[in-house]
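Number of protein chains: 2
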Amino acid sequence: MTVGTSGFSIAGYPKAVPTALARRAEKGERIKITLITGASVGDEIDGQLARAGVIARRYPYQSNKSMRDLINDNEIAYVDMHLSQVPFFIKNGYFGKIDVAVIEAIGIDEQGNIIPSTSIGCSNTLVEYAEKVIVEVNMWQPVKLEGIHDVYSPGRIKQTEMIPVVLPNNRVGMPYIRCSPDKIAAVVITEIPDGTASLAKTDENSQKMADYLIKFIEDEVAAGRLPRDLPPIQSGVGNVANAVLGGFQKSNFRNLTVYSEVLQDAVLDLIETERVAFASGTALTLSPERIDEFYKALDMFKHKLFLRPVEISCSPEVVRRLGLIAINTAIEVDLAGNVNSTHIGGDRIMNGIGGSGDFARNAALPVFTTPSTAKNGTISCIVPHVSHVDHTEHDAHVIITEYGLADLRCKTAYERAELLIENCAHPRFRPALREFVARQYAKKGHRHGFAPEDLILWQQAVDEINAAESAPAKPAKAKKKKS
Amino acid sequence: MTVGTSGFSIAGYPKAVPTALARRAEKGERIKITLITGASVGDEIDGQLARAGVIARRYPYQSNKSMRDLINDNEIAYVDMHLSQVPFFIKNGYFGKIDVAVIEAIGIDEQGNIIPSTSIGCSNTLVEYAEKVIVEVNMWQPVKLEGIHDVYSPGRIKQTEMIPVVLPNNRVGMPYIRCSPDKIAAVVITEIPDGTASLAKTDENSQKMADYLIKFIEDEVAAGRLPRDLPPIQSGVGNVANAVLGGFQKSNFRNLTVYSEVLQDAVLDLIETERVAFASGTALTLSPERIDEFYKALDMFKHKLFLRPVEISCSPEVVRRLGLIAINTAIEVDLAGNVNSTHIGGDRIMNGIGGSGDFARNAALPVFTTPSTAKNGTISCIVPHVSHVDHTEHDAHVIITEYGLADLRCKTAYERAELLIENCAHPRFRPALREFVARQYAKKGHRHGFAPEDLILWQQAVDEINAAESAPAKPAKAKKKKS
Chain A
26 MTVGTSGFSI AGYPKAVPTA LARRAEKGER IKITLITGAS VGDEIDGQLA RAGVIARRYP
86 YQSNKSMRDL INDNEIAYVD MHLSQVPFFI KNGYFGKIDV AVIEAIGIDE QGNIIPSTSI
146 GCSNTLVEYA EKVIVEVNMW QPVKLEGIHD VYSPGRIKQT EMIPVVLPNN RVGMPYIRCS
206 PDKIAAVVIT EIPDGTASLA KTDENSQKMA DYLIKFIEDE VAAGRLPRDL PPIQSGVGNV
266 ANAVLGGFQK SNFRNLTVYS EVLQDAVLDL IETERVAFAS GTALTLSPER IDEFYKALDM
326 FKHKLFLRPV EISCSPEVVR RLGLIAINTA IEVDLAGNVN STHIGGDRIM NGIGGSGDFA
386 RNAALPVFTT PSTAKNGTIS CIVPHVSHVD HTEHDAHVII TEYGLADLRC KTAYERAELL
446 IENCAHPRFR PALREFVARQ YAKKGHRHGF APEDLILWQQ AVDEINAAES APAKPAKAKK
506 KKS
Chain B
26 MTVGTSGFSI AGYPKAVPTA LARRAEKGER IKITLITGAS VGDEIDGQLA RAGVIARRYP
86 YQSNKSMRDL INDNEIAYVD MHLSQVPFFI KNGYFGKIDV AVIEAIGIDE QGNIIPSTSI
146 GCSNTLVEYA EKVIVEVNMW QPVKLEGIHD VYSPGRIKQT EMIPVVLPNN RVGMPYIRCS
206 PDKIAAVVIT EIPDGTASLA KTDENSQKMA DYLIKFIEDE VAAGRLPRDL PPIQSGVGNV
266 ANAVLGGFQK SNFRNLTVYS EVLQDAVLDL IETERVAFAS GTALTLSPER IDEFYKALDM
326 FKHKLFLRPV EISCSPEVVR RLGLIAINTA IEVDLAGNVN STHIGGDRIM NGIGGSGDFA
386 RNAALPVFTT PSTAKNGTIS CIVPHVSHVD HTEHDAHVII TEYGLADLRC KTAYERAELL
446 IENCAHPRFR PALREFVARQ YAKKGHRHGF APEDLILWQQ AVDEINAAES APAKPAKAKK
506 KKS
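Taken in sequence, the protein lines are chains A and B.
Just add 25 to the spot in the first sequence (first one is 1) and you have our numbering.
Just add 25 to the spot in the second sequence (first one is 1) and you have our numbering.
Be careful, since some hints might not be right.
You can't tell identical chains apart in this list, so a pair holds if it fits in one copy or across any two.
[Said to hold, decoys possible] Cross-link-like lysine-lysine pairs, in silico, DSSO-like; alpha carbons within 30 Å at most:
| # | residue 1 | residue 2 |
| --- | --- | --- |
| 1 | K321 | K52 |
| 2 | K90 | K169 |
| 3 | K275 | K208 |
| 4 | K57 | K321 |
| 5 | K226 | K275 |
| 6 | K226 | K469 |
| 7 | K52 | K240 |
| 8 | K327 | K183 |
| 9 | K469 | K400 |
| 10 | K469 | K57 |
| 11 | K122 | K436 |
| 12 | K122 | K275 |
| 13 | K233 | K183 |
| 14 | K468 | K90 |
| 15 | K469 | K90 |
| 16 | K321 | K157 |
| 17 | K436 | K90 |
| 18 | K468 | K57 |
| 19 | K240 | K183 |
No lab work stands behind these hints, which were simulated from the structure alone.
Start from the sequences and build out the full structure, keeping to the hints where you can.
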């Protein structure tokens, strides 16, 4: 069976039905499904069901440890996708028939209209194309959320509609998902919170990256390359993304808008302090600490937020038109500006590309942030070649680490390498990176190449740096610092 | 000085002014410019001026041998760009001030309105933002071309217009480029043909690829994943692209439309036989053999063609909306479906990414074609890892070689590898590719990794295959064939 569920960034996914299904599988029943969601869902689905052996194939995104391990052991077939394309794939039949859609809602009326909860993702398309629909009405989600949804969806190939969003706050659709009542197979009542995680306190590195970003944007405004009333801002998901976006709190920008995928805590903070006038996303992923406060102040927030289907929130059409400042996170960046945001070591998936490809390719100003090192400083996040390319050198205009910012626009490959090494790389890796570039430059060619022997030399250099720093020579350095 | 010129795919570029500039430089005058064009231009610019040492920096595309060699020797700074973004970069000041625009035209009126010739590219934006404009009125280009241009351009950040193209034949702009007369620094009269090249006869491999494509599209229609009246078709540039598009000649499809970047000979053939009802592009790049015929039949063609600015012909907004079938050419494809379409050996640029990134990311059906081998069969074009990623695995839905077609949609990395090896790779390289995959699979991980030692093993396997085939064992094989 092919099952589609609501859920995006651990918000608004069904909880009771997948739990019941996992129980059946744990008792020995053989159940195998292909699972399609908007994006990541909670442990009730990607954890429980994966561990119970229920999930055979998984589209288009995940962020769960159990799921990830099973994917990397090749036990679950996983296809990472641009999230804006999932509804398109459903509509045009690329996934085949969708047997059941399981949708979390805050309500359903007698016409079958479903009011979604904290996310939309591809729920509306799943409901439209699935043979049967199961609705989980979650009493934990406040009914007052009604009205924040704006459900609009273009047709199949070859529709010719323009998506009429020209400002983040344009209402273009309906506040619910239309569904024929005879498709509804069951309505299940639940009262289970979204499994969102707490956010870490903003660390020093994220703060520095936020400062570089704000300074850069201010300089762009001063140079006339951006208007003072900035275009809408998109921000990726996670601690660092939340912290970097939070940097606007200290800026002089007012009346900002957000046109993003996932609205995290920082967006609400910025609305409260009147930095942000309106925010549009496809999921509300708030920390458990923030969500109660949000629900209490819902009357105020309600008129300043929209949740839309992912094909609209990540729509290349709308992203290009609005001229977004798109801020996403990288795992590693190479000397030409190619970005890896999904894989560790080239072969093990972390989460997935999400909507970052839709944003980075089409935004006015695609920015990627990453700490300069990983694994306690032993790995450089600025590398000769990324082990997997999610965003090509054409799609990353600005790279920011805690050491600084590299503006890659209008720069050649070797100019980029220099900027990334001198502005962004951790100082301990700079000499080895410079050496790599010098060796390549001597060989001629428009850019540094891909010879395996050079990659081995680079790996050896990294090993030597790490060995030297853990050797007895270290105390000498510490002494220096004290003097 | 920063100089922008008209010209796209060796069509509609100025010829007399750059030739005069090259003469001055050859006589010893020190002239250095940054050059921005729509795309590739003729030898008068990218050849002559490059060889004369006039060009210091070059954006955003080229296809000239002299230019390419100087770029790869790091004598000319070159930045390869998504072509849809060039007008955007100009408008928002990313390139800095544009001093002069040199534009080929078929005419200019007393209000300063410029009627472009065989391409638009970013000419309209250059005219709008340059301090001075030089117009080359080319008498070789027939005045009757007037009317095929549709000049529309969205504003700077943050404009909020929808680009109103919902069908390829929608006229949305003006038939000329508006220019204030006091910006016109000079008008030069010339009579020099575009330097377009002859097209090779369709070879057997291209014919096979065309057949696989048509068969695949017919199957998609039969399966209900494409409508019988297909969405518009985009086709890349060059012999193979022209031949593959020409494959529609033998198909049963009628009333097709083309929404592309460059209109080559095959488009005219398809219009003549009434396969194609309307074609929209940004350049008319016809072989010298075809262009005279075209001009003779211009009255008929005129109502079936538009030339638009590149930001419209390659617009992510329009490409996504129209749901294009986008057919582009690859240099090599890797086992996960990543495509290299710009670099040889990872470090030497061929031409550039052109508009292919705008199309492949946003089209409904992005297809890449490549012969299975290069260099007389000694190099496999299906490889473990491409030496440069232009299109990620998310942006290539279908790969076609003369051996067959791989439909990569909804497939995991290892499923893709199997399809690409068994359907697309040349049989002589299949065992080595299978071995590479088996070795990787044994290591676990969601996909094959990037370990340099494995890349070396692959290179050794290729060398062994080539050595074996050129060794004395060969006659035995030939004997076998005869028997």
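Right, here's what the structure says about each hint:
no., hint, verdict
1, K321 <-> K52, "neither (41 Å within a copy, 78 Å between copies)"
2, K90 <-> K169, "neither (33 Å within a copy, 65 Å between copies)"
3, K275 <-> K208, "neither (50 Å within a copy, 44 Å between copies)"
4, K57 <-> K321, "neither (41 Å within a copy, 64 Å between copies)"
5, K226 <-> K275, "within (16 Å within a copy, 64 Å between copies)"
6, K226 <-> K469, "neither (47 Å within a copy, 35 Å between copies)"
7, K52 <-> K240, "neither (58 Å within a copy, 47 Å between copies)"
8, K327 <-> K183, "between (35 Å within a copy, 26 Å between copies)"
9, K469 <-> K400, "between (34 Å within a copy, 22 Å between copies)"
10, K469 <-> K57, "between (54 Å within a copy, 22 Å between copies)"
11, K122 <-> K436, "between (47 Å within a copy, 16 Å between copies)"
12, K122 <-> K275, "neither (50 Å within a copy, 32 Å between copies)"
13, K233 <-> K183, "between (47 Å within a copy, 28 Å between copies)"
14, K468 <-> K90, "between (43 Å within a copy, 20 Å between copies)"
15, K469 <-> K90, "between (44 Å within a copy, 16 Å between copies)"
16, K321 <-> K157, "neither (35 Å within a copy, 60 Å between copies)"
17, K436 <-> K90, "between (39 Å within a copy, 22 Å between copies)"
18, K468 <-> K57, "between (53 Å within a copy, 26 Å between copies)"
19, K240 <-> K183, "between (44 Å within a copy, 20 Å between copies)"
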